[in-house]
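Knowing the structure of chain A, use the given hints to seat chain B on it.
The listed protein sequences derive, respectively, from chains A and B. Sequential numbering from 1 applies to the first sequence in UniProt numbering. Sequential numbering from 1 applies to the second sequence in UniProt numbering.
Just so you know, these hints were derived from the structure itself, not from any lab. Please note that the accuracy of each hint is not assured.
[What the hints assert, rightly or not] Okay, derived cross-link-like pairs now, DSBU-like style, lysine-lysine, Cα gap no bigger than 35 angstroms in a straight line: (1) A/LYS24 x A/LYS307; (2) A/LYS484 x B/LYS176; (3) A/LYS337 x B/LYS81; (4) B/LYS145 x A/LYS456; (5) A/LYS528 x A/LYS372; (6) A/LYS307 x B/LYS81; (7) B/LYS81 x A/LYS132; (8) A/LYS264 x A/LYS337; (9) B/LYS145 x A/LYS267; (10) B/LYS145 x B/LYS176.
Here's the letter readout for the chains.
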Amino acid sequence: MLRMARSLPEEVLEHVFSFIHSDKDRNAISMVCKSWYEIERWCRRRIFVGNCYAVNPSMVIRRFPEVRSVELKGKPHFADFNLVPDGWGGYVYPWIAAMANAYPWLEEISLKRMVVTDETLELIAKSFKNFKVLVLSSCEGFSTDGLAAIAANCRNLRQLDLRESEVDDPSGHWLSHFPDSFTSLVSLNISCLGSEVNFSALEHLVGRCPNLRTLRLNRAVPLDRLANILRRAPQLVELGAGTYSAELRPDVFSSIAGAFSGCKELKSLSGFWDVVPGYLPAIYPICSSLTSLNLSYATIQSPDLVKLVSQCQSLQRLWVLDYIEDIGLEALAAFCKDLQELRVFPSEPFALEPNVSLTEQGLVSVSEGCLKLHSVLYFCRQMTNDALVTIARNCPKMTRFRLCIIEPRTPDYITLQPLDDGFGAIVEHCKDLRRLSLSGLLTDRVFEYIGTHAKKLEMLSVAFAGDSDLGLHHVLYGCENLRKLEIRDCPFGDKALLANAAKLETMRSLWMSSCSVSFGACKLLGQKMPRLNIEVIDERGPPDSRPESCPVEKLYIYRTLAGPRFDMPGFVWTMDEDSALRFS
Amino acid sequence: MEGVVAYENDLNLKATELRLGLPGTERNQEQAVSCARNNKRPLPETGDQNGGAKAKSDAPNTPPAPKAHTVGWPPIRSYRKNSLQQPKQTAAESSVMYVKVSMDGAPYLRKIDLKVYQGYPELLKALENMFKFTIGEYSEREGYKGSEYAPTYEDKDGDWMLVGDVPWEMFMSSCKRLRIMKGSEARGLGCGV
Chain A
1 MLRMARSLPE
11 EVLEHVFSFI
21 HSDKDRNAIS
31 MVCKSWYEIE
41 RWCRRRIFVG
51 NCYAVNPSMV
61 IRRFPEVRSV
71 ELKGKPHFAD
81 FNLVPDGWGG
91 YVYPWIAAMA
101 NAYPWLEEIS
111 LKRMVVTDET
121 LELIAKSFKN
131 FKVLVLSSCE
141 GFSTDGLAAI
151 AANCRNLRQL
161 DLRESEVDDP
171 SGHWLSHFPD
181 SFTSLVSLNI
191 SCLGSEVNFS
201 ALEHLVGRCP
211 NLRTLRLNRA
221 VPLDRLANIL
231 RRAPQLVELG
241 AGTYSAELRP
251 DVFSSIAGAF
261 SGCKELKSLS
271 GFWDVVPGYL
281 PAIYPICSSL
291 TSLNLSYATI
301 QSPDLVKLVS
311 QCQSLQRLWV
321 LDYIEDIGLE
331 ALAAFCKDLQ
341 ELRVFPSEPF
351 ALEPNVSLTE
361 QGLVSVSEGC
371 LKLHSVLYFC
381 RQMTNDALVT
391 IARNCPKMTR
401 FRLCIIEPRT
411 PDYITLQPLD
421 DGFGAIVEHC
431 KDLRRLSLSG
441 LLTDRVFEYI
451 GTHAKKLEML
461 SVAFAGDSDL
471 GLHHVLYGCE
481 NLRKLEIRDC
491 PFGDKALLAN
501 AAKLETMRSL
511 WMSSCSVSFG
521 ACKLLGQKMP
531 RLNIEVIDER
541 GPPDSRPESC
551 PVEKLYIYRT
561 LAGPRFDMPG
571 FVWTMDEDSA
581 LRFS
Chain B
1 MEGVVAYEND
11 LNLKATELRL
21 GLPGTERNQE
31 QAVSCARNNK
41 RPLPETGDQN
51 GGAKAKSDAP
61 NTPPAPKAHT
71 VGWPPIRSYR
81 KNSLQQPKQT
91 AAESSVMYVK
101 VSMDGAPYLR
111 KIDLKVYQGY
121 PELLKALENM
131 FKFTIGEYSE
141 REGYKGSEYA
151 PTYEDKDGDW
161 MLVGDVPWEM
171 FMSSCKRLRI
181 MKGSEARGLG
191 CGV
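Bound conformation, chain A alone:
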């Protein structure tokens, strides 16, 4: 076997490797022998860095000199819920600066939860001559000035996707910076932009890009503009409408309806802010071919939602507000037999009393009727162990299960017991479960179940749960494939963490906030584990101004080859080998 490997010419091996795309497989190939490592690293075109601080740009560039596509992630997931203070980090500029020199032929940059500045965007715009794809997911720090630079300079741009980013957008005129000769756009997602874009520039852009397949508009695009846009792009496959509201007028209605009927390829709809229900029938003709429907901004009540989903027999993904209620979910279960993913968001998350009739029954109905269901995000106000057991039995193929019972520590509302057994059933029956979010009243027992059964689990989110360190220990000890663990407001302290310190090097990251991990334990971990960055995030001031036994506010631990980072703000401290000396 080794002789064969040596005798195959490099070009042949390289050609064979070009069919291998997954990072895991590429990593495996590179470990076969030195020559395969060399060949592989010269022909790897795509890299994914799940934590931008786990490695530094020069290490990546040194190993992989011919990269065309880069994906980077910055802040921890809990940053989405404002748990990571502003200024923590995740700056992408150093990466772009390094890649501007090393990868002049870079085509794709995808960033998630990173701080991107206008300066960064300007650097991207002028450094990469064949730049094609820019995806900024949940990023911040830039304005439409940066976007104007991209529009003006990236002649071959195919995709510009700003999903869920926070953009400073004083001017809507950046779209006009796409030159008239620019026609290569395939995908544009500006749904997160707060202010208006220049409508005639938008229409002109849409009209001159014949390959446009995805167009996600922002809320500021009114309904009466939508028909014009659709008529210029009947080849659209994915559409995000803007505001779906206007005075009910027959001429406007037939214009919209006609425009939608002209779009024979539409498979995905989103947007739909401020819906006037009278305009919903305009989309009925295309419902039967829809595979993805995101109505999570649409304030449509359940009767109209029922009418809508009953016509979407091909639906695979539905995101919706809890206005759908149990009755709408029953309709979903009856008509949408291909459903794979369901997300139900709360319409009034801070109300003390339920405003809609959405209970555990809705989710049970869907689990009974939709046998392909494997991904769930469900916000509700009540749950029972029995319901969870039923769901677990109905959906053994579940891969992502995130349940959020809005009031913390809510027990089974019928038996008043903790929901340990319900979640226990989920991890026991759903052997392929990769992602799990817990809620409700939970003791250490649920963690024992998770440690025992959830062997494929990669990401676990825990809040207001558990009794003692034993809970955390069960998870760290038992979940062999755990990569990301995020915990808030749980009584977990030093013992489980220190007893399982080695486990932390096998994971991407651990987040613990409002728990009971002491500063002393953090220092100890920092001393013992040089390949981890132990970041103490505490806005009360330096941790050594308090007793060592005092719990830290927030703790973020991640494995890294790059050592402590240098861009930390004043409220972040890294515990390293010297910290025990420095802080004593």
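Quick look at chain B alone, frame taken from chain A:
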């Protein structure tokens, strides 16, 4: 120093040297009582009651966090929370709509509330009064004939349009500012341009 050791069922960590309190202190979280505490976070109980383990504050002087102040809970992104609120009042709903009015040759600009007027005749009359001039008669073919002034407005696309061409409501929703053009520029607007 002993290395970290994992036990299967019981954390018998007294056997290791990983206790981080003063010698003789109890193996629970009460040692945390001494430090400055963040008011927002109630301390957990360390008892192991079945089914009743609500986390309460250990110390008497830390009030339980009221739900409204729990940061990041429920776990919803801010842009979702914001989109659930009423959108900024659209022009149709707002009770006032002030726009700037400039007059060629005038030293400073004025502002008027378009909502005050029911239609073009009223608006033009008000402008005539405000700037002491006369606007000519409007016709679709020739614009404002019989005067050296022409009322124009900037629309949402940034273009300068002649006041009066579109229905009043459409004008209201797209007018960003007004400008009273004078002289040859004004005359140019009416002449088949």
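Here's how the hints hold up against the structure:
no. : hint                : result
1   : A/LYS24 x A/LYS307  : 44 angstroms, violated
2   : A/LYS484 x B/LYS176 : 51 angstroms, violated
3   : A/LYS337 x B/LYS81  : 31 angstroms, holds
4   : B/LYS145 x A/LYS456 : 80 angstroms, violated
5   : A/LYS528 x A/LYS372 : 46 angstroms, violated
6   : A/LYS307 x B/LYS81  : 26 angstroms, holds
7   : B/LYS81 x A/LYS132  : 33 angstroms, holds
8   : A/LYS264 x A/LYS337 : 22 angstroms, holds
9   : B/LYS145 x A/LYS267 : 54 angstroms, violated
10  : B/LYS145 x B/LYS176 : 24 angstroms, holds
When held up to the earlier numbered hints, the structure conflicts with 1, 2, 4, 5 and 9 and fits the remainder.
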